[in-house]
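J.: Spelled out, the chains give:
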Amino acid sequence: MSHLLLRHRDIPDIGEIDVYKKNGGFEAFKKAVTSMKPQEVTDVVKASGLRGRGGAGFPTGIKWGFIPGNIWPHYVVANADESEPGTFKDREIMESNPLQFLEGVAIAAFATGANAAYVYLRGEFWPVAAILDEKIAEMEKAGFLGDKLFGTDYSLRIYTHLGAGAYICGEETALLESIEGKRGQPRIRPPFPAVAGLYGKPTVVNNVETLTNVPLIVEKGADWYRSLGTADSAGVKIFSLSGHVNKPGNYELPFGTTFRELIYTYGGGVTDGRPVKAIMSAGASSAVIVADDKALDTPMDYASVRTLGADLGSASVIVINDSVDMDWVINKTIHFFKHESCGKCTPCREGTYWMLHLIERIALGEDVKATTELLHAVAKQMQNKCLCPLGEFSTMAVTTAIERFPADFKASSSRAKTGTIEGGKHG
Amino acid sequence: MLAEKYPNEVKKILAKYPPERKQSAVMPLLHLAQLEAGFVDRHAVVEIAGICGITETDVAEIIGFYTLYHDAPEGKLRLQVCTDISCALRGADEFLAKVCERLGIQPGGTTPDGLVTVEAVMCLAACDKAPMFQVQGPDGIAYHENMTVDKTMEFIETARKEVK
Ligand SMILES: Cc1cc2nc3c(=O)[nH]c(=O)nc-3n(C[C@H](O)[C@H](O)[C@H](O)COP(=O)(O)O)c2cc1C
Ligand code: SF4
Ligand code: FES
Numbered sequence: 065m066s067h068l069l070l071r072h073r074d075i076p077d078i079g080e081i082d083v084y085k086k087n088g089g090f091e092a093f094k095k096a097v098t099s100m101k102p103q104e105v106t107d108v109v110k111a112s113g114l115r116g117r118g119g120a121g122f123p124t125g126i127k128w129g130f131i132p133g134n135i136w137p138h139y140v141v142a143n144a145d146e147s148e149p150g151t152f153k154d155r156e157i158m159e160s161n162p163l164q165f166l167e168g169v170a171i172a173a174f175a176t177g178a179n180a181a182y183v184y185l186r187g188e189f190w191p192v193a194a195i196l197d198e199k200i201a202e203m204e205k206a207g208f209l210g211d212k213l214f215g216t217d218y219s220l221r222i223y224t225h226l227g228a229g230a231y232i233c234g235e236e237t238a239l240l241e242s243i244e245g246k247r248g249q250p251r252i253r254p255p256f257p258a259v260a261g262l263y264g265k266p267t268v269v270n271n272v273e274t275l276t277n278v279p280l281i282v283e284k285g286a287d288w289y290r291s292l293g294t295a296d297s298a299g300v301k302i303f304s305l306s307g308h309v310n311k312p313g314n315y316e317l318p319f320g321t322t323f324r325e326l327i328y329t330y331g332g333g334v335t336d337g338r339p340v341k342a343i344m345s346a347g348a349s350s351a352v353i354v355a356d357d358k359a360l361d362t363p364m365d366y367a368s369v370r371t372l373g374a375d376l377g378s379a380s381v382i383v384i385n386d387s388v389d390m391d392w393v394i395n396k397t398i399h400f401f402k403h404e405s406c407g408k409c410t411p412c413r414e415g416t417y418w419m420l421h422l423i424e425r426i427a428l429g430e431d432v433k434a435t436t437e438l439l440h441a442v443a444k445q446m447q448n449k450c451l452c453p454l455g456e457f458s459t460m461a462v463t464t465a466i467e468r469f470p471a472d473f474k475a476s477s478s479r480a481k482t483g484t485i486e487g488g489k490h491g
Numbered sequence: 045m046l047a048e049k050y051p052n053e054v055k056k057i058l059a060k061y062p063p064e065r066k067q068s069a070v071m072p073l074l075h076l077a078q079l080e081a082g083f084v085d086r087h088a089v090v091e092i093a094g095i096c097g098i099t100e101t102d103v104a105e106i107i108g109f110y111t112l113y114h115d116a117p118e119g120k121l122r123l124q125v126c127t128d129i130s131c132a133l134r135g136a137d138e139f140l141a142k143v144c145e146r147l148g149i150q151p152g153g154t155t156p157d158g159l160v161t162v163e164a165v166m167c168l169a170a171c172d173k174a175p176m177f178q179v180q181g182p183d184g185i186a187y188h189e190n191m192t193v194d195k196t197m198e199f200i201e202t203a204r205k206e207v208k
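Chains as they are written, first to last, in this note's numbering: chain A, 65 to 491; chain B, 45 to 208.
It is possible that some hints are incorrect.
Derived EDC-like pairs (lysine to aspartate or glutamate); straight-line CA-CA distance at most 16 Å [to be verified]:
#: 1; chain 1: B; residue 1: 60; chain 2: A; residue 2: 107
#: 2; chain 1: B; residue 1: 66; chain 2: A; residue 2: 241
#: 3; chain 1: B; residue 1: 56; chain 2: A; residue 2: 197
#: 4; chain 1: B; residue 1: 66; chain 2: A; residue 2: 244
#: 5; chain 1: B; residue 1: 56; chain 2: A; residue 2: 198
#: 6; chain 1: A; residue 1: 246; chain 2: B; residue 2: 189
#: 7; chain 1: A; residue 1: 95; chain 2: A; residue 2: 217
#: 8; chain 1: B; residue 1: 60; chain 2: A; residue 2: 77
#: 9; chain 1: A; residue 1: 95; chain 2: A; residue 2: 107
#: 10; chain 1: B; residue 1: 60; chain 2: A; residue 2: 198
#: 11; chain 1: A; residue 1: 265; chain 2: B; residue 2: 100
#: 12; chain 1: B; residue 1: 142; chain 2: B; residue 2: 102
#: 13; chain 1: B; residue 1: 49; chain 2: B; residue 2: 80
#: 14; chain 1: B; residue 1: 66; chain 2: B; residue 2: 91
#: 15; chain 1: A; residue 1: 94; chain 2: A; residue 2: 244
#: 16; chain 1: A; residue 1: 94; chain 2: A; residue 2: 104
#: 17; chain 1: B; residue 1: 60; chain 2: A; residue 2: 104
#: 18; chain 1: A; residue 1: 85; chain 2: A; residue 2: 241
#: 19; chain 1: A; residue 1: 94; chain 2: A; residue 2: 197
#: 20; chain 1: A; residue 1: 246; chain 2: B; residue 2: 80
#: 21; chain 1: A; residue 1: 311; chain 2: B; residue 2: 189
Calculated directly from the structure, the hints in this document are not laboratory data.
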């Protein structure tokens, strides 16, 4: 099957505006603006079963439907923060198929009555923002952005906004704070962004990959989209495959593809021909999955992955072979979350700090059994107490690695290395 | 002064946000201010606070919160190696150690000529192309992927000739 999202792999110049147009580009946006009511666009997306690709899997059309009609203006914000370790799909879309993404932003804006949209990119995506700025300028010139589009009264402008290094800004309310020129710390909810988002106005926040699906859904219809994937998870997904595999990379596949197919058929098998030991399905925020036959044959859709005691999340599949001990793995993830905790709430700020000290003690072989028990207890105590999901994320790999791979927490771990204890900047 | 050095850029940045929301311009203005010297100096903080209608403390807080902003000079190029989980599974820690050894510095350190600072950083969304690093320098940020130690040393040697 040809690619729907990573279309540049079939049509290399799809990022050029005339090539994009020749391949049906902007037809969906034109159709929406000239022949559909905003509500009808939202209804098609609802009926398609499209769910958010940023991690939570929330139905996109339902989210758009929350935007109230009595508070104005409205905003659409594309989440291009892409900072979850193991995730690198949005970057490929924006670098190589940027116009389909921007058309998706435009359709989302029309459907929700927004005349301005922002693309929030992590600061490291400086060159990607330059590409988008150029494409936005081309779209303005070609009459796809600006005032009175297609001879109607509808006007739209899209702007890029660069972050500056902070994973927490991927959380949608921290992201909105960041666009407002503040520190990226999550807001207390409610109110939800749909009611009081950017500048206190109704705002839809969607992931880059989510929005890139939208032009196809409007063009080909909800039934067509539903015919792909599984009943629970419609459509295709980009799986970012990394770690111990021979061919790491992005793979666009229907939901329901198994882990085994992804790792062995597409990913070329495991590094050094070793057995796969563990899988993290949602990047560093994942529970760790024991990679037995049952797990490997599990279809990758939201519901099925949950039966393994994990989440599909953004489908950032990290493969770990048997050369590594899991205490080393969570040493890495804890360092990450300690560094990225924004410091706003105590359980996460203090909890990540203590988890870091305990995993360092384990790495040094100090009283490993008792320290591991304490680490597990600290992680458990953090759960359900943090202000935003980051705090919870930081505990997932920790508790599951200790519970599912107890033998890896022993005095002399083969690859346990001390990391440097570094203070995060945010906390 | 930013307003004198980059008048068009400043205008473009302010045009992105509603006129009464100038505070939103603080991050892009900081990126701009940092370009040439690699850090944000005192004068820029004052000027940006003025443009955005916020206090200097507000601006300093933003610099303090986000890891890509720096308030002190380091190497002209910041070579930031991702040593996060996926890259580490493909040898990023060893790569970082070897690059530092060849340069005779520790991670976090700067070469004696002030050219490069080498740092370990978190995931850069290039996990399938490890070992990799980004370079923060006078032209913004650029990625270098699927690197070897030799290729990295070549890159540094070339930069040594080009960056004054
Ligand atoms: C700590 C944290 C980090 C997140 N990072 C991202 C991210 O990098 N990209 C993203 O699209 N969503 C991220 N999310 C999810 C967003 O908050 C939000 O749910 C998403 O952008 C909504 O878009 P979607 O419905 O299209 O998935 C993150 C959430 C949390 C709690
Ligand atoms: S859970 Fe962590 S990241 Fe989230 S608000 Fe609390 S301190 Fe900040
Ligand atoms: S883990 Fe290194 S770029 Fe993602």
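J.: With reference to the structure, classify each hint as holding or not holding.
T.: Tested hints:
1. B/60 to A/107: The hint is violated at about 31 Å.
2. B/66 to A/241: holds, 14 Å
3. B/56 to A/197: holds, 11 Å
4. B/66 to A/244: holds, 9 Å
5. B/56 to A/198: It holds: about 14 Å lies between the C-alpha atoms, which stays within 16 Å.
6. A/246 to B/189: violated, 32 Å
7. A/95 to A/217: Judged against 16 Å, a Cα distance of about 15 Å means the pair holds.
8. B/60 to A/77: violated, 29 Å
9. A/95 to A/107: Holds, because 15 Å separates the two Cα atoms, which is no more than 16 Å.
10. B/60 to A/198: Holds, at about 15 Å.
11. A/265 to B/100: violated, 27 Å
12. B/142 to B/102: violated, 40 Å
13. B/49 to B/80: Given pair residue 49 of chain B, residue 80 of chain B holds - Cα atoms ~11 Å apart, limit 16 Å.
14. B/66 to B/91: holds, 13 Å
15. A/94 to A/244: Not OK: residue 94 of chain A and residue 244 of chain A at ~31 Å, beyond 16 Å, violated.
16. A/94 to A/104: Within the cut-off at roughly 14 Å; holds.
17. B/60 to A/104: Violated, at about 30 Å.
18. A/85 to A/241: violated, 36 Å
19. A/94 to A/197: violated, 21 Å
20. A/246 to B/80: Violated: residue 246 of chain A and residue 80 of chain B sit about 24 Å apart, past 16 Å.
21. A/311 to B/189: Holds - the C-alpha atoms of residue 189 of chain B and residue 311 of chain A are around 15 Å apart, at most 16 Å.
The structure does not agree with the numbered hints 1, 6, 8, 11, 12, 15, 17, 18, 19, 20 stated previously, though it agrees with the rest.
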